[in-house]
Amino acid sequence: MNRSIRTRRARRKVKKDFELPLTSMMDMLVILLVFLLKSYSTSAVAFTTSGNIDLPKSATPEAPTEGMNLIIEPAHFAAGPDGKQQLIPGAILLEGNRIVEFEPPAPGDIVTPPSGADGAAAKPLINDHYYFKPDVVGGDGRILALFDSLVKEKEKAEFIEKNLPVEARSYVRQQDGSLPKDNKGNPVLAPKPFNGILIIHADKAVEYQLLRKVMYTAAAAEFKTFKLITKKDESTDAAKKGT
Amino acid sequence: MLRRPSARRKTESQELVINLVPMLDALVTLVSFLLMTMGYMAISAIETPAPMLAPPDDQVKELEKPKEPPLQLTAEFERDNTILLHDWMGSRVNFKVSPKDDPSEPGKKIFDVEEFHKKLIEVKGKYPKETQLILKPSPGVSYENLVTLMDSGRYFEKTDVVPENVREELAKARAQALAKLEQAKKEGKLLSMAIPGENELFSNVIFGNILSNE
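Chains as they are written, first to last, in the numbering used here: chain A, 1 to 243; chain B, 1001 to 1214.
Just so you know, the hints here were simulated from the structure itself, not pulled from any lab data.
Just so you know, even glycine gets a beta-carbon here, dropped at the ideal spot from N, CA and C.
Don't take every hint at face value.
Stated by the list, open to error - Cross-link-like lysine-lysine pairs, in silico, DSSO-like; alpha carbons within 30 Å at most: (1) B:1189 to A:184; (2) A:38 to A:231; (3) A:162 to B:1185.
Stated by the list, open to error - Which chain A residues stay away from chain B? Per the calculated CB distances, all over 10 Å, these: (4) 96; (5) 136; (6) 160; (7) 207; (8) 223.
Working from the sequences, and respecting the hints, build out all of it.
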């Protein structure tokens, strides 16, 4: 008898002032928010890199800046239109466009590991050598198609800057940082000169031979600075490692 | 006569409940925005300028000529994983860093990055004003090895003992750069220049054999 009265009272109470306990959820969200804000990058430069390249690790603290993106991508397997995996040869991409394609790897350079325990086929491993097709490299060592594309991209960047409305133009500063002024003493608005920065995203297995050809071609196309993109590795103690 | 209000009535006053729902809404929105826009891979960039041909000697102004000829510290990474470290003439700096055994693969030789780094610290101790390192890798050196070697040449490690004269020189260069920036700011000029870091070894890395056909 006693128990039934108590139960009824309790039930009535729950119905009357039931509230979801939000404090613990708030605690969790605040912790999550603090973590996300701490690890959030405030870099103004956003760019995408290819998912098919494995970047080397570096302890360098410098963040990438704006520039033209060049990707050296190794051969890889990707799903074709019919859903089957097909071999995509390695290539040099400039601003997302495939400019130069390498020779596809020889059958001996593709190793298919045995299927896993669940019967699923493992991803084939490719030993890529980045051989150029004939006539891609000129007699002077330039990668001809890449040179043409770099010059075009450079001209495009200059054209865009030149044709910007006056209000959108930036002030051009002299070498000492001062603003050049016209006869009336107003700062001169002029197109920003081409910055000549080439951002190179290369797979860690790429050999210097290829990298040198790319840099030589870019230098010939008036690119003055190269930025080698790497994965940031805070724990790297380069001096303790051997390579 | 009025009766003193009982203590019991006081405790019966209503509990103050903060309305957490709008705050929760804001937090959920903020967390989802941060999760959506977050970059999951931290990326860094190693800057290296393209080598340029120097102007003829007679065109360089007499005033601009340094009193001491530049060191032109050069590191050659050979095909057999040997590193040759020398200056322009090989008279002031001349080291050979032999390859070491790969601990993970017996019989395989790898670059001895640790020894290379030690030699660079030694050179920096002798020439604290030098900031440039010219790299001449052989064609077969992989990009991954190059980045590791560049890393070891560009910065002091946390565990390194930085020579006192190098520490002083770095602090001086830093102070000079900051003073220059401050001066430009006062004059209303916007100057963009790199401030030397406190742990820089040979921060200016240049590939010296891009233009050659070796």
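How the hints compare with the structure:
1. B:1189 to A:184: holds (19 Å)
2. A:38 to A:231: Holds, at about 19 Å.
3. A:162 to B:1185: Status holds; Cα separation ~29 Å.
4. 96: holds (17 Å)
5. 136: holds (17 Å)
6. 160: Consistent with the label, residue 160 (chain A) stays out of reach of chain B, its closest Cβ about 22 Å off (over 10 Å).
7. 207: violated (6 Å)
8. 223: violated (7 Å)
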